[in-house]
Every structure is written in C-alpha cells, then in structure tokens.
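Order-wise, the sequence lines are chains A and B.
Just so you know, the first sequence maps onto residues 1 to 452 in our numbering.
Just so you know, the second sequence maps onto residues 1 to 299 in our numbering.
These are calculated hints, taken from the structure and not from any lab test.
The model shown is predicted, which means the values in this text are computed figures rather than measured ones.
All C-beta atoms in this analysis are idealised placements derived from N, C-alpha and C, irrespective of residue type, glycine included.
A portion of the hints provided could be inaccurate.
[Claimed, not checked] Covered stretches of chain A (chain B as the covering partner; in silico rule of three or more C-beta atoms under 8 Å from a C-beta of chain B):
| id | segment |
| --- | --- |
| 1 | 22–33 |
| 2 | 230–240 |
[To be verified] Residues of chain A clear of chain B, computed beta-carbon distances all greater than 10 Å:
| id | residue |
| --- | --- |
| 3 | Glu-104 |
| 4 | Asp-175 |
| 5 | Val-183 |
| 6 | Trp-211 |
| 7 | Leu-373 |
| 8 | Ala-411 |
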Amino acid sequence: MAIGALSVLIFGPRSEPSLPPGRRDYLVLHYWEKWVGKEEEAMQQIVDDFNNTIGAKKHIYVEMMSMSDIDQKTLVATAGGVPPDIAGLWDPMVVQFGSLNALEPLEDLAKAHGISKGYYQPVFWNGCHFNGHLYALVSTPAAVALFYNTRIFHENAAKLRAAGLDPDRAPQSIDELDRYSNVLTQFVTDSQGQRQVRRAGYMPMPPDYDWYITSIPLWFGAEEWDPVARRFNLTDPAVLRAFDWLQSFPRKLGKSAVSEFSTSQGGFNSPQNAFIAGTLTMEMQGPWMANFIHINRPSMDHDWAAAPFPTAVPGLRDVTYCPFDALMIPRGCRHVAEAFEFIAFVNQQDEMEKLCMLHCKNSPLTNVSWNFLHHHPNPYIGVFQELSASPNAHMTMQCPVAQVAGAELTAIVQGVLAMELDPKASLQRAQVRLQAKYEEFETNLQRRMRTQ
Amino acid sequence: MTITRGEIRNLLKGLAFLSPWLVGFAAFMCLPIVLSLYYSLCDYDLLQRPVFIGMDNYRALVNDAVFWRSLRVTLLYAAISVPMAMLVSIGVALLLNVKLRAQSIFRTLVFLPSLVPTVASAMLWKWMFNQRLGLINRVLSPLLGWLHKPAPPWLDQSNWVVPSLALMGVWSVGNTVIIYLAGLQDVPRELYEAAELDGAGPARRLWHVTIPMISPVIFFNLIMAIIGILQVFDTPFMMTKGGPNRASYFYTYYLYDNAFTNLQMGYASAMAWIQLLLVLALTGIAFWSSKRWVHYQGK
Numbered sequence: 001m002a003i004g005a006l007s008v009l010i011f012g013p014r015s016e017p018s019l020p021p022g023r024r025d026y027l028v029l030h031y032w033e034k035w036v037g038k039e040e041e042a043m044q045q046i047v048d049d050f051n052n053t054i055g056a057k058k059h060i061y062v063e064m065m066s067m068s069d070i071d072q073k074t075l076v077a078t079a080g081g082v083p084p085d086i087a088g089l090w091d092p093m094v095v096q097f098g099s100l101n102a103l104e105p106l107e108d109l110a111k112a113h114g115i116s117k118g119y120y121q122p123v124f125w126n127g128c129h130f131n132g133h134l135y136a137l138v139s140t141p142a143a144v145a146l147f148y149n150t151r152i153f154h155e156n157a158a159k160l161r162a163a164g165l166d167p168d169r170a171p172q173s174i175d176e177l178d179r180y181s182n183v184l185t186q187f188v189t190d191s192q193g194q195r196q197v198r199r200a201g202y203m204p205m206p207p208d209y210d211w212y213i214t215s216i217p218l219w220f221g222a223e224e225w226d227p228v229a230r231r232f233n234l235t236d237p238a239v240l241r242a243f244d245w246l247q248s249f250p251r252k253l254g255k256s257a258v259s260e261f262s263t264s265q266g267g268f269n270s271p272q273n274a275f276i277a278g279t280l281t282m283e284m285q286g287p288w289m290a291n292f293i294h295i296n297r298p299s300m301d302h303d304w305a306a307a308p309f310p311t312a313v314p315g316l317r318d319v320t321y322c323p324f325d326a327l328m329i330p331r332g333c334r335h336v337a338e339a340f341e342f343i344a345f346v347n348q349q350d351e352m353e354k355l356c357m358l359h360c361k362n363s364p365l366t367n368v369s370w371n372f373l374h375h376h377p378n379p380y381i382g383v384f385q386e387l388s389a390s391p392n393a394h395m396t397m398q399c400p401v402a403q404v405a406g407a408e409l410t411a412i413v414q415g416v417l418a419m420e421l422d423p424k425a426s427l428q429r430a431q432v433r434l435q436a437k438y439e440e441f442e443t444n445l446q447r448r449m450r451t452q
Numbered sequence: 001m002t003i004t005r006g007e008i009r010n011l012l013k014g015l016a017f018l019s020p021w022l023v024g025f026a027a028f029m030c031l032p033i034v035l036s037l038y039y040s041l042c043d044y045d046l047l048q049r050p051v052f053i054g055m056d057n058y059r060a061l062v063n064d065a066v067f068w069r070s071l072r073v074t075l076l077y078a079a080i081s082v083p084m085a086m087l088v089s090i091g092v093a094l095l096l097n098v099k100l101r102a103q104s105i106f107r108t109l110v111f112l113p114s115l116v117p118t119v120a121s122a123m124l125w126k127w128m129f130n131q132r133l134g135l136i137n138r139v140l141s142p143l144l145g146w147l148h149k150p151a152p153p154w155l156d157q158s159n160w161v162v163p164s165l166a167l168m169g170v171w172s173v174g175n176t177v178i179i180y181l182a183g184l185q186d187v188p189r190e191l192y193e194a195a196e197l198d199g200a201g202p203a204r205r206l207w208h209v210t211i212p213m214i215s216p217v218i219f220f221n222l223i224m225a226i227i228g229i230l231q232v233f234d235t236p237f238m239m240t241k242g243g244p245n246r247a248s249y250f251y252t253y254y255l256y257d258n259a260f261t262n263l264q265m266g267y268a269s270a271m272a273w274i275q276l277l278l279v280l281a282l283t284g285i286a287f288w289s290s291k292r293w294v295h296y297q298g299k
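Here chain A stands alone, though its shape is the one from the complex:
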C-alpha cells in the first residue's frame, strides 16, 4: 500500500499548466513572484505582454505564481533541485544567495542581449552585481525621499516664518528638519493627564512603520558597511550621530510618545496611515506613497510634495537609499537562456516604464521617456529619478550577513527609540557581534570551498 502510494507520488500524474489553446508544445517557464493584489496584476500584464509577443515567437510561455515567503521557498526548492525558472526576490538576496552559489550568473546573457552598464543607473547596476558577477536584473526599483504635507506647511506659515523657516519649501538640513518639526508638532493631554503627540512634524518610528530608518546614517554621511574594507562601520562617529539624533525625539517628546504615536497608526495602505491621516507632516518614503495617498484620501492629492530627504552634513546633497525588487535565475534552472529572455523583456524601456508606472515607482534605467516623467501617477517622479541617479544614491549593504545586520539594527533602533539602549554602547556591541558574524561567514565559505 505504501509502495503504491509512493509510486503514485513519484511517477503519477503531474499538474499541467493551463496553457492556452494552440500553445501545447510551448516551453513553460515557472516564475515565482512575491507580489499580491494590484502589484501582482501589474506584473501579470507584463507577463501577458511577453507571452503574446516574444514568447509566442520563441514558443515560450511564462506562468507566474504569487506566493508568500518567496525567499525561503526559493531557497528550499533550489536546495531540493527543483527551483523555479525565474524568482522575483529582493536586492539583499543578490549577495546572500550569490555568495552561496545559489544563482546563475547572467553577465554573458546580458551582454548578448545588449544590456550593459550604461543602460542602468549605477546604483541599480552595482546592486545587481556581487563578486564580479551579474546575478539579477531589476524588476522594480525605489528611491526614498521626504514627503511633506504642503497644506499643514501653509496653515502654519506664520509660525514657520516667525521661526525663520520658509513654508514654501522642504527642510534642507537635519537641523532645519528639527526646527520645522518643533513648530509643527502639536500635543494633547489625554484623560489620564498624559501628554500625547496629536500631530508630529517629523517622527522617527521603529522599522515596522518607518521602513528605512535603519539606513539613517546615510544622511549623516556614513555607511554602516564598508564593502571595500569588508568591515562594519557602526562605531563611526557619523553613525553614532545618526542614532543619537533618533534618540533626541523620545528625549524631547517623552519616553512613550514615540511608541504611542507609532502604534496608533493603522496599516500602511489605509486611511489611518499617519501621513495620509494628516497626523504626521513629514516622512521618509518611496514614490509609491503617491498611489496610497490617492487610494486612501484622494482629497489630499494636491496637498503634498516630495523633496530629497535633508542631510546633516553641509554640502552633502541628494542622498537616497535605493532598494529594489529583482528577477533572478536560481541555480539548477533547466532553461536559463529562455528564462533570461523574459528578464530581458521586462527590462526593455517600454515594459519597464509600464511596470514602474503601474507600481508607482521610479525607473532604474538611464533613459527615461517624456511620457514616463509626465504621465506618471506620482507628479514628483522627477525628484525620485534625480535622486536615484545621484552619486549619493546608496544600494542595500552588499554584505553576505546583511540579514543578520538588519535584524541587529532593527533591535537597536527599537531600543534607542524606547530609551532602553544607549546608542554608543549598543552600536559598539553590534559592531563586535556583526563583524564576528561576517568573519565566521567568510571562514565557513573558505572551508566549504576547500572541501567541495
């Protein structure tokens, strides 16, 4: 009975992809993607474009499947020798999976398709590489900037002017950001007699709410990881200044103010999002915020603007952090060339711009069409394009233990904002721990290379 059951499992019928009529003899590529909802629908449009054009010509059919925990599922499937042909992952996996030899190198295929360095903005092209190999191409990118509520700025114009600030522009330094924030922050006393923040000018929040807060040292002129020296930089005075600045908010506003304000928000894509609800005047976000404002509070469509997030270093301008979603071919894929056909198709300028407009994101490509800049759902997309093209645009830390580092930095930000951790001591401890983790990773890698 058991043998029979196992035989059915091993040799029995397989689920067949639902190929449209007339395409039964096509090569089916399995494409796993993390997106759901509108973003999945947008990508499906690109997949359909491919299937109806190049796919039809070359007898390739891409079948997209949306799933949660895609990084872990891709990893397990790759380890089991049955990976998808194309995996829609995130940029940190370029280094993490690349360093474990879990991805197919794509440089030769890219060259054959005419995709080279000049085609991409440097921050994204570099982010797709690790150890001299091209392991991914971008599906959609991001660049973060300061979103600010122009209506609140104008309503408080007199107060801002009295403080020597211009209500018609965004703050241009961290010092100015603090001054704008001090003027715009309002308090209320609750029924327990406790002071609460009713409206914040700017408020750093834990990474669950403030997605890019662990990268804040970039705006203070420091990177947390030095890819050349292969060292963490957490004891750099600029990193410490950044974390001290974060802690200045709970110091100023009260210990529980930050946590209470953060947790009183609803979901990101909801009318309770603090920026959309008008209880947060300035925040750091990606270009898609325009979409969420439009969906959740269309009346706010003309009440906001975007500008480069200010820096703490005089003369340092146009700093941004550029994470991206990436298409990769896991090791063991049996149709590498065909899978790359699809990836190259997504990276055609017209398809890329279509996808990025549907996702309300900037384009990773050097050339951007007039239509993209003028018909994009985010009216400030030019700001994001300029930021990602800036020499001060930074990619995700290219470190094989970036996931561990991310968890460590998240814990530090939480502790610093809750006034439970001293920034200096916690960064020193993290420096020692993370450097040791990295060195352990390198030692293990060398040992594996020797033995295999």
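Given chain A, put chain B in place with the hints provided.
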C-alpha cells in the same frame, strides 16, 4: 510455537494497513531527526553539501548573546505563562463544574476561543493591546485616569511585552479547561461527603480532595505546557516580530531565523537539539517532583 500461514497473512495485512503511517513516520520524523543531529555537527547552509565541523556550532552558541537572550525570553515566558494558564484553567474548570442552568453554554463559550485560528487571534489581540486605540486601554482608561497613570504600552516596551503575550495565552485555555473538567468529574463524590462529615469547608475540600484527586491531570497539563511553551513561535512572529529590542525574540523564532533567514541550518539544528535537551530536562524535573505531589487513585 509456530506461526500459521493464516497468521502470517494477517500480520502482513496489518503491516500493509499500517505501512503508510510507518513509511511517513520513518521518512518525515525519524530521518529528519537523525539528519538534524548530524547537521548540528556541520556547517550547512542548505544549498551546499554539509561540512563536518564537530562541536563548533555548540561552542558558537555558548558565545552568542542573542541565543542567551532568546533563551531568557522563553524561560521568562514559561515562568509567567505556565502557572498563570494553569491557575486560570483550573479556576474556570471549577466554575464550570458547578451545576448551573446554562452550564453547556458557558462551557461552549470558554472553549470557543480555542477554535479561533492563531493568525486571527494574533491580529485581534494586536489591536486590543494597542496603546492608544486598543480596547483594553479604553476599558482601563477611567481607572488609569483616577490613578494618574499612563496607559500600559502592552506590546511596545520591553518589560511589558512578555507578560502581555502570556496574558493573551490565557484566552485560549479552553482545551486545558476541558481536560480539567473531565478530571473533576472523575473525583468520587464519597470523598467530598467524607470530608464534609469531618467538617471540611469548601476551601479545605478543594485543597485536600479536589487538587490531590486531579493531580494526575495537572501533571499531564504541566508536561504539555512545558513542551508547548518552549516551542512558542507563531504568536510573537505575527504580533511583535520578536521586538521591541528583541524582548519577545523567543528561542524557536531565533532558531527559525537562523535556519531560513540567515541560512545557518547547522547552527539552527544545534539549537534544536539544545531545545530538546531543555525540554527533556524540565520534563524530567517535573517527573521527579511528581512523586511528591501527584496522587494516582488506587495507589
């Protein structure tokens, strides 16, 4: 003694019917357990062949501050959660054992939360615990105002988060209550009558009759709680992501992160074996102590 052909045929038939379970047990339980022991002695990232490194993973764990932190968090949770859940479930079972008109309705109400999927209850409680908007703080608001105390930051401060999660665990004691209830109904009536004749009041009857008579049930639930609580994962994973500042970063959560996020399957396997030893040790202590406080009928 010889086995007849018919008996052999029956044996084979029995084994054939049992074989799906046997094969499943061997393939999906025994083999992974043995392999995890081997992997715990290896450097293994899931993608490349494991490399034997002896006890290095165990040595590294000793020096890993996050490992100790996650262990402390888990033991603290167990220390709060196990007694609290036991006291509440025994108390509720005693109340439900009282003869009332709508007894079955009350029993159903107590059991109902156990049927709610963990994801749904986690989302529900996350909102209930919300510092500013949550139902709990809204209800407590008049009292807090009178005391001039701030609203508790249930899930948002390190010293609050573990007790909050333990409190939430009490909500789903329905399964345990049912087991206690069955135990309570097994307590012979004549023991209560004898105690009453000796002049014992309700408190003494509870302490000298009920508790000793249901002590095997308490012991069973204690063992199950130790095993379950040392493996807690889903609730903090969904509600707090281990935060704030790793204050709810439970042992199994760190194990999972090492295995599937940090790709250190060997390290995670070593953690799993330490967890098993910990469960065995605590269960062993419970068994050892049971000689003093667990009373079986007829012994």
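Checked hints:
| no. | hint | result |
| --- | --- | --- |
| 1 | 22–33 | violated (count 0) |
| 2 | 230–240 | violated (count 0) |
| 3 | Glu-104 | 13 Å, holds |
| 4 | Asp-175 | 28 Å, holds |
| 5 | Val-183 | 24 Å, holds |
| 6 | Trp-211 | 13 Å, holds |
| 7 | Leu-373 | 38 Å, holds |
| 8 | Ala-411 | 5 Å, violated |
The structure shown violates the earlier hints numbered 1, 2 and 8.
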